[in-house]
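K.L.:
Spelled out from the first residue to the last, the chains are:
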Amino acid sequence: MTREEVIAGLAEILEEVAGVDPADVSEEKSFTEELDVDSLSMVEVVVAAEEKFGVKIPDDEVQNLRTVGDAADFVLKNL
Amino acid sequence: MNKGSKILSFGHYQPSRVLTNHDLAQMVDTNDEWIQSRVGIKERRIADSETVADMAGFAAEKALAASGLTVEDIDLVVVATCSAADRSPNTACRVAAKLGIAAPAAFDLNTACSGFSYALATADHAIRAGAARSAIVIGVEKLSEITDWTDRSTAVIFGDAAGAAVLTAVGDDEEPGVGPVVWGSDPSEAIAIEGWRPYIVQEGQKVFRWATTQVPGIAIEACKRAGVEPSELGGFVPHQANLRIIEPIARKLGVNPDVVARDIVESGNTSAASIPLALSKMIERGEIKSGAPVLLVGFGGGLTYAGQVVRCP
Numbered sequence: 001m002t003r004e005e006v007i008a009g010l011a012e013i014l015e016e017v018a019g020v021d022p023a024d025v026s027e028e029k030s031f032t033e034e035l036d037v038d039s040l041s042m043v044e045v046v047v048a049a050e051e052k053f054g055v056k057i058p059d060d061e062v063q064n065l066r067t068v069g070d071a072a073d074f075v076l077k078n079l
Numbered sequence: 080m081n082k083g084s085k086i087l088s089f090g091h092y093q094p095s096r097v098l099t100n101h102d103l104a105q106m107v108d109t110n111d112e113w114i115q116s117r118v119g120i121k122e123r124r125i126a127d128s129e130t131v132a133d134m135a136g137f138a139a140e141k142a143l144a145a146s147g148l149t150v151e152d153i154d155l156v157v158v159a160t161c162s163a164a165d166r167s168p169n170t171a172c173r174v175a176a177k178l179g180i181a182a183p184a185a186f187d188l189n190t191a192c193s194g195f196s197y198a199l200a201t202a203d204h205a206i207r208a209g210a211a212r213s214a215i216v217i218g219v220e221k222l223s224e225i226t227d228w229t230d231r232s233t234a235v236i237f238g239d240a241a242g243a244a245v246l247t248a249v250g251d252d253e254e255p256g257v258g259p260v261v262w263g264s265d266p267s268e269a270i271a272i273e274g275w276r277p278y279i280v281q282e283g284q285k286v287f288r289w290a291t292t293q294v295p296g297i298a299i300e301a302c303k304r305a306g307v308e309p310s311e312l313g314g315f316v317p318h319q320a321n322l323r324i325i326e327p328i329a330r331k332l333g334v335n336p337d338v339v340a341r342d343i344v345e346s347g348n349t350s351a352a353s354i355p356l357a358l359s360k361m362i363e364r365g366e367i368k369s370g371a372p373v374l375l376v377g378f379g380g381g382l383t384y385a386g387q388v389v390r391c392p
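Protein chains in written order, with the numbering used here: chain R, 1 to 79; chain B, 80 to 392.
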């Protein structure tokens, strides 16, 4: 899976879970401040990402995923 | 031995004092919009002088009055609570004394927010075993006493209330009205009420993740054991923890959105009291038909969970 595919997948999840416009999603955007994803929606994003990419994202890791790029890094490292 | 039990009636009690989100905004750094978007709560009730046993007694009295039974018929009182400060006499004995129930088996149990479903199952099992014939089962909490009113992450969530049900053995020609329980635990410190002068602390994200991913499976299993499809439910009353937990669980199950309990909006999270409180109010408003299958699912501190399908009285 390429980095672009992971970002596109995350954009789909963000649209579904938090109503984020996929056009707004890019590497450097932070989930909470720029994409307006609150702490509970972030959990839904993580659970959906686990299913979509087949990775395990532990509770304690969630706080380290600040930007879309952070999440893509984590997914690609743990595929 | 009895074939099973059925619920005859519900009753509930809420203190008269309303604490709105605007009131809370004067106490901690929060606001109405934030609270409603995160947990779906507009207001909650807070007890003044009422004790846990007082509230339990008021709810039990109403349930008993609506049941058609009298105090002489009751031989078991079970109270689910995690906020009764006194260790003895237990709340169940105090309720029995208040109502004038002579010599019932009387005990409290604590599984925090899943308590009512645990208590209902335990009473049902006692009736099935022939150890009791008619029981009052109560969920009651005075969470305002164990809430840290300076912690904005928890102060906005909790409320005080009591809810009670009266159940009795079914005859040999009747179908049981309390379905098989699905219960268990997943030990974790994610919700804690610890020490001699405790406050509730919780790791919201962990609890949210556990509830939204694990509770649907428990709910489906409870329906399966009762032989009911989630789409056939006449009521779905999950523990009123957070509207953002309730809604996705209901969607995953495919429950009719019109029959989902959303009492959290006006009552907050009242832990073990939330299920009987919400269900009692739905019945009072005529929202659930008598005899309709209603799914109850408690989940919370421990972490613990219990769910069963009951027939609406």
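Among the hints, a few may not be true.
[To be verified] Below, computed lysine-lysine pairings styled on BS3-like, alpha-carbon distance capped at 25 Å:
1. B:Lys-82 x B:Lys-360
2. B:Lys-303 x B:Lys-121
3. R:Lys-56 x B:Lys-331
4. B:Lys-331 x R:Lys-52
5. R:Lys-77 x R:Lys-52
6. B:Lys-121 x R:Lys-77
7. B:Lys-285 x R:Lys-52
8. B:Lys-82 x B:Lys-285
9. R:Lys-56 x B:Lys-285
[To be verified] Facing chain R, according to a computed beta carbon distance under 7 Å, are these residues of chain B, among others:
10. Arg-276
11. Tyr-278
12. Gln-281
13. Lys-303
14. Arg-304
Keep in mind the hints are simulated off the structure, nothing from the lab.
On a predicted model such as this, the values are computed, not experimentally measured, just so you know.
Even glycine gets a Cβ: it sits at the ideal position worked out from N, Cα and C.
K.L.:
Indicate, hint by hint, whether the structure satisfies it.
P.N.:
Hints and how they fare:
1. B:Lys-82 x B:Lys-360: At roughly 29 Å apart (the allowed maximum being 25 Å), B:Lys-360 and B:Lys-82 break the hint.
2. B:Lys-303 x B:Lys-121: Violated: B:Lys-303 and B:Lys-121 sit about 35 Å apart, past 25 Å.
3. R:Lys-56 x B:Lys-331: With Cα atoms ~21 Å apart, R:Lys-56 and B:Lys-331 stay inside 25 Å; holds.
4. B:Lys-331 x R:Lys-52: Within the cut-off at roughly 17 Å; holds.
5. R:Lys-77 x R:Lys-52: Roughly 15 Å between the alpha carbons, so the hint for R:Lys-77 and R:Lys-52 holds.
6. B:Lys-121 x R:Lys-77: Cα-Cα ~43 Å, so violated.
7. B:Lys-285 x R:Lys-52: holds (20 Å)
8. B:Lys-82 x B:Lys-285: Violated, at about 40 Å.
9. R:Lys-56 x B:Lys-285: holds (14 Å)
10. Arg-276: B:Arg-276 check fails; min Cβ-Cβ to chain R is 28 Å, beyond 7 Å.
11. Tyr-278: At about 21 Å, which exceeds the 7 Å cut-off, the nearest Cβ of chain R leaves the hint on B:Tyr-278 violated.
12. Gln-281: violated (13 Å)
13. Lys-303: Violated, because the Cβ-Cβ distance from B:Lys-303 to chain R comes to roughly 23 Å (cut-off 7 Å).
14. Arg-304: Not OK, violated: B:Arg-304 not within 7 Å of chain R, min 26 Å.
When the structure is compared with the earlier hints, violations turn up for hints 1, 2, 6, 8, 10, 11, 12, 13, 14 and for no others.
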